[in-house]
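Trainee: Quick note, the sequences are listed as chains X and F, same order.
This note's numbering numbers the first residue of the first sequence as 1 and each following residue consecutively.
This note's numbering numbers the first residue of the second sequence as 1001 and each following residue consecutively.
I should point out that these hints are in silico values taken from the structure, not numbers from a laboratory.
These figures come from a predicted structure and were not determined experimentally.
For glycine and all other residues, C-beta sits at the position ideal for the given N, C-alpha and C.
The reader is advised that the hints may include incorrect statements.
[Unchecked claim] Label pairs and their calculated CB-CB ranges:
| no. | chain 1 | residue 1 | chain 2 | residue 2 | range |
| --- | --- | --- | --- | --- | --- |
| 1 | X | P96 | F | T1036 | 46 to 52 Å |
| 2 | X | D431 | F | E1066 | 45 to 51 Å |
| 3 | F | N1434 | X | K195 | 43 to 49 Å |
| 4 | F | G1153 | X | E42 | 42 to 48 Å |
Residue-level listing of the chains:
Protein chains: 2
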Amino acid sequence: MSTKKFLLEEKDIPTAWYNIVADMKNKPLPILNPQTKQPMKEEDLYPLFSKAASHQEMNTTDAWIEIPEEVRELYKVWRPTPLVRAYGLEKMLDTPAHIYFKNESVSPIGSHKLNSAIAQAYYCKQEGVTNITTETGAGQWGAALSYAAKAFGLELAVYMVKVSYHQKPYRRSIMQTFGAQVIASPSMSTKAGRKILTDHPNYQGSLGTAISEAVELAMQVPNCKYTLGSVLNHVMLHQTVIGLEAEKQMEMAGEYPDVVIGCFGGGSNFSGITFPFLRHKLTEGKDIRVIAAEPASCPKLTRGQFQYDFGDEAGYTPLIPMFTLGHNFAPANIHAGGLRYHGAGSIVSQLMKDGLMNAADVKQLDTFKAATMFAQAEGIIPAPESSHAIAVAIREAEEAKKEGKARTILFNLSGHGLIDMAAYDQYLAGDLTNYEVTDEDVAKNLEELEKIIG
Amino acid sequence: MSTKKFLLEEKDIPTAWYNIVADMKNKPLPILNPQTKQPMKEEDLYPLFSKAASHQEMNTTDAWIEIPEEVRELYKVWRPTPLVRAYGLEKMLDTPAHIYFKNESVSPIGSHKLNSAIAQAYYCKQEGVTNITTETGAGQWGAALSYAAKAFGLELAVYMVKVSYHQKPYRRSIMQTFGAQVIASPSMSTKAGRKILTDHPNYQGSLGTAISEAVELAMQVPNCKYTLGSVLNHVMLHQTVIGLEAEKQMEMAGEYPDVVIGCFGGGSNFSGITFPFLRHKLTEGKDIRVIAAEPASCPKLTRGQFQYDFGDEAGYTPLIPMFTLGHNFAPANIHAGGLRYHGAGSIVSQLMKDGLMNAADVKQLDTFKAATMFAQAEGIIPAPESSHAIAVAIREAEEAKKEGKARTILFNLSGHGLIDMAAYDQYLAGDLTNYEVTDEDVAKNLEELEKIIG
């Protein structure tokens, strides 16, 4: 039994976020105004987001964006996070591979989401905003933002996807304990919610619908902004602290990863762990593989299509260039609520299109098998989302074993699963199933999308 | 908003546990064989515990006991834990006091219990034991031991107090995910369980009953030992890593605590944080106050009686010199399941008797009020158990404010409450109540005890 954590000091918390767009030869296509189909400008985003976030969203030139001192100060509550050599898992798999994971589960909220929540709440506060709204899937983002909102004295309303609202009541309670208002989505409190409930009375919600509701509320309340936990460029930016720390820690370990893996919903933790490593590929031609691990039931990167689509279900957001299954795609009720999203953000979609990264899909039962192995080997119960990354890391380690070759694998443990135990219960009882979408489903959905957007 | 963590490096994980008994002028009274009423010897404990644990239990001479390298290695999974200056809470209370907390909630299991679980599992493995049993209240100890048992390849059966089994199903799932067998106590699987279920068919269990069941099973299964998460001297010993680290960290902070606070159930986290500081009082006459924070509904230190009593409900254990409410005391169903125990271990009881420490009781509603304040101020949702310590720390800070004087307060955050959110829900909904025992209840219970034990 041996254990190796690589620990940084507080002074090593990055002082700047890494903006990968500045280093991309092919920049992401612009987001478009859905009415005019013209590229949107920074100012067009001001009604929705803080000015600082809007500026970051559109910044294509500065590779490094300074982290405000107040944000770094709050990062110190739990950052830097450990990088861990997963000796236990290596032993269990009897693999020559070296497996490392960045442990973002040590945040007080249990996931990486605080990295952007603190930044977004800070900017809103700076600009005199008093109220914010957001959506949340499994509740990780909502819980993080609830704490960040409280820390900066902002009022927060969270639309929580209904299936998760019931599957994960404890995350709802966490948000309420921090003083946030939580509404199950779809709800009757918005036009978007009422419409989908009228069309599909038993619809259990999706991130796309919850975003519509949160956006709608933000537009109606005075001095209120909307915040998003994933998909957008500024969120990816804030999450790069994960990979920037991991870069230094891999150096401490004296290794460089052959492959870097993150689970993939809207892309926040994936971008966080991988972009700082992709930088070496973009700027120095470094040979490194990067893999997005997505659910087989929501396979936008492996089976979706690259095209303009809405970020939300009701069509309130700008048109985003994305790998998408269609904003009208209704994902199955898997326990990895944070990955139930129809599309990928514009940066990741461009990287994918340019062959700079890969994607792999994982079935629900395989994720729980991987999660249980990891828990028993490393003592940490992973979030169902993170378990997708673990499953792909295990695949990589098994391949290395077959080849009889060493391989250095790094994945992001984006969160712990202590509040997802009902899912583990079902798995242990044999009550969980796999969900897969058929090619026909995907094709049909995308055909409908063509009709809406063209 | 400012944040200050005091962090140690892995090399600073203590290399020896501190055995306070060696420094006590009045040693704890010996534990007695209930039949003969004669002091028990180390060998008398071998049928129940590992030899190493039995030896530690009886060691009254060595102040320092070396921590095995394999145990230190596993401690590195999460240790050293941070010491945090609670600036947020200080600001919220507008107090001149300086409040520090040792954050044991960062363990992958979410509490301090791993400190002893790893040591006990290690010793059992070393001695060729294959099966272990235990009891658990809220499930923190059971979860910790489940991981430790898996790490050392031991089979584990856990008797979980029935009220917690239902209140905290996620902790049951965590144990099962690590591969442990979990039985709600009282159960029909033991004589002790059957007896109490016959007498009180709806009894929701207590730690005392669960201990009886776990001990009974351990005596019946070949090559099986019993392990306990609190009360006993060797458990207190293992937990001293908490205070030993905190001692160094308070030095880093350039302060020395005026008062050290731990919540109190059987004494494990309390002893862990306080004994290394009490050492300065015992050996150098240092002026320091030490407070055990216990539930008003289970007030053994504030209202119990010092006398010999059983450690369990059925009377299977040796007689222990303890402050007790009587082993037949049925505590109210408060959410702080880990504090629902009738007595204090022999070391703490002797310290209490000699006036070397104090105790304070806290009502359930006050603990949740304190917990919510702490969560909003510091971003960490505390366990209901730990919230007793927080409530007393807040009292101390408020007193300091009244006096207009600085005061340095240190408390142990023994665990997080992410799995106790159902309790927070009830609190937020106004559905929680206080439970108190009357003086008559206590007197009547102790009278019965006299009849049994004399």
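Trainee: Decide, hint by hint, whether the structure agrees.
Mentor: Verification of the supplied hints:
no. : hint                         : verdict
1   : X/P96 x F/T1036: 46 to 52 Å  : violated, 60 Å
2   : X/D431 x F/E1066: 45 to 51 Å : holds, 47 Å
3   : F/N1434 x X/K195: 43 to 49 Å : holds, 47 Å
4   : F/G1153 x X/E42: 42 to 48 Å  : violated, 59 Å
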